[in-house]
Amino acid sequence: MSFLSLEFIALFIVLLIILGIFKQPTVQKLVLLAVSCIFYAYWSWQFLVVIILVTLVNYAASLKVYGQEDPLLKRRWVLATVVFNLLVLGYFKYFNFFIDSLNNLFGSLGIQLGTLEILLPLGISFYIFETLSYILDINNGSTQPAKSLLDYALFATFFPRLVSGPIMRASHFLPQLERGVNFTRENFTAGFLFFGQGLLKKIVIADTLGVIVDRVYQFPDLFSSFTVWLGVISFSVQMYFDFSGYSDMATGVARMLGFEFPINFNLPFTSRNITEFWQRWHISLSTWLRDYIFLPYSRSMLRRNTSGRYLPNIFFPSIVTMLIGGLWHGATWGFVLWGGLHGLILAMERYTKIDRMAGRPRDLKKDFLPMIWVILLSSFLSVLFRAPSLSTAASVMKKLFFVNSQGVDWFFLPGFIYALMVVAGGIVVQRFNMDLTVLSLSKPQTLALIIVMFLVAFLFASGGVAPFLYFQF
Amino acid sequence: MQAALWVLLCLIVLELFVRFFIIQIPPKQYVEGLGVVPADHSRKIWGLEGFGITHYLVQGEVYTPRQTGGSVVVFGDSYTEAYQVNDADKYVSVAEEALWANGMQINLHNIGYSDRSVADYIYAAPHILQTYDPEVVVVQLNIYNFAASLFTSRPNYLLEQDASLVLKHDPEVPDLRLQQVVRQFGLLSFLYYRFDAVNKNLLRYVNSLRAPVPAGAASAGIEQYDDVENLKQQLRLLQDAYRETSLVILVIPSLPMITRDGSMVWSEEKDDLLLGAMAEEGISYVYPREAFISLYEDERKFPRGFFNTPSNYGHLNADGNRALGIALANYLGGVLK
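Going line by line, the protein sequences match chains A and B.
Quick note, the first sequence lines up with residues 1 to 473 if you use this note's numbering.
Quick note, the second sequence lines up with residues 474 to 810 if you use this note's numbering.
Everything labelled a hint here was simulated from the structure, so no lab data went into it.
Treat the hints with caution; some may be incorrect.
Here's a subset of chain A near chain B, in silico, CB distances under 10 Å, partners left out [what the hints assert, rightly or not]:
id, residue
1, S225
2, N404
3, G407
4, W410
5, L459
Values in this document were obtained by computation on a predicted structure and should not be read as measured data.
Think of the CB as a built atom: it goes at the ideal place given N, C-alpha and C, for glycine as much as any other residue.
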């Protein structure tokens, strides 16, 4: 069930009532676990079976790894667990992609392998990455295993972030879960505000932008280059508001129960280069990729050749990491290409030292053009992300390069306004050093803000509510 | 107390924004022989689809630039009311100006109002003929206006009796008091409008819980209408109602249609069904297909869609109204000479 459904509202109200009645931490955790299972099973009970299996295997393995003194055996346990998790992910998400790719490659030789009808469990990419980070962190000593199966199961299935993240680290989240629910008026108000903020982002902005995005990507050849550019930039903005909107709603729901989630987006469109962009966009994923793929790979490359200017040392880790990042998003060559290009640009920024701009103090005059460049570049690359096929991506890109630029001009004003809002708003926040993550409003303004948020969401929501974009991952 | 003040402040700001940029619904009145229409000398602001300010004269007539000359009535639904564009951009105004530019001093009376059906057009015929004494009555409609005539929940509807259709009229005058209160405030009007939309979705959802709705059946009543015999019967009733004047049917093309592979199609089954029926009944009609084709081919513009709605979807935009108005003016110019 989605946060924007009557079923969720009903379930959440029941949860709050039960948590209000039963104060013992263990009982509350059991209730949270039950609700998480109901939340997930609502889509499909088979999904629940998969996550239960993954949870049990990983919990048992974590105890083995933690208690293992023989380094070789420890390593084997870690490897076996990692392989198990990757096999689960690989089977559900990549099996048919792999088979289709082989068929395309060897089809001319008369080889045609059959694909399977595999249902993709919702959020599998998110929770597998979480379980992987859990076992790897236990292995390197940066976290201890959960104190009980109940705590770990809750960590693995906690419903606010189960289907679309953020990807949680055990070291940050397990202590909170072990402490239990922290129901206070302050937490509830702050959570409610976060939820309202996410609601606005999703149903007022993101879904409205979907109007032009869907049309442009459906019929790119019909529209003029100007319209296609507007559609492409609108998609970047839509993706931001959709995904950060969901993250805010997830953060809000968790906060209402007294749990804190890490920030997942930090004004990505104020980035001055792609390196900084990935420090601000989907932070839970980018830090995961950095900590578990990029850094270990970079270190192993450096051990072989200690020169910092050795080109493979600069290019390979970035490209491989982002190829994996692309593949994480989806089992298509479009995603792989998207990731690979991002990796290439990251490597080039590292090589030319442009990446160091991310650490420089902000200067609006100097930063304005780089910011616009990053928005245009990330939007351009997002064509591979959004286009339903490589041929559609090619059609869109031709228009972006003004090949066959003629077509219907459609100036979708909301798209233009929201894109401007993102840039201008980001500049204002940066300029005045505003902290948007902590809503420290006094009570009168808070009440007014809550009422206005929900009123605006109700009034300006677009026709239906489109599914969250990141549900497909 | 402070919280209440903050809330009030926010609501005032929102009210002003909604009132001037989103929605301002005019008060309504009941006109005997016509039905519920906007009050005399009222105004509608509509910013949910395009942006338009519509002024009303008396008895629901929409303002057009000319108030003198020969009388022609254009009677239609939301396409004719065209509240998505300003008065000067509505196709009736465009047609009127085009006629005057060609030396024909004709006053086109725009009697457009949302959600009309063929039954409404038939019912209002005596009122229209008496009030405006027109040389020509142009009735704008499409296939959906025929389907809507069969809904017995409407004030005017057509009922099948002894193998023929009979006009039925609900004599109850609607209570407009609640609407009069609501329309005082832009925010309330908007809430009322949104709540109505949400209510319909909620009902559909609740019904789907009771019994699964097969795909495409949600609006089966109108979308699936293809009863040619019923269509002809309604056309005959319409013709009979306006027998004292020249009747012309204006059919707004449901074109262009864009297929799944992005190609343009310039014919529509439902339009052809209606055109065929009118041809068989010997009814004069205007179907400006060429004008819409030309709009796309020469100017690369769609006749529908606005800066805040999907492209090629919904009501006619200013370009579509312009193309339609010129086509209507060309036809009337020939007929009235």
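Each hint tested on the structure:
Taking 10 Å as the C-beta cut-off, the interface hint given for A/S225 is violated, the closest approach to chain B being about 12 Å. Among the interface hints, the one on A/N404 is violated; its C-beta lies about 12 Å from the nearest C-beta in chain B, farther than the 10 Å criterion. Using the Cβ-Cβ criterion of 10 Å, the hint placing A/G407 at the interface with chain B is satisfied: the shortest such distance is roughly 6 Å. For A/W410, the interface hint holds, the least distance from its beta-carbon to any beta-carbon of chain B being 5 Å, beneath 10 Å.
Taken as an interface hint, A/L459 checks out: its beta carbon lies about 6 Å from the nearest beta carbon of chain B, inside 10 Å.
Hint check: violations occur at hints 1, 2; the rest are consistent with the structure.
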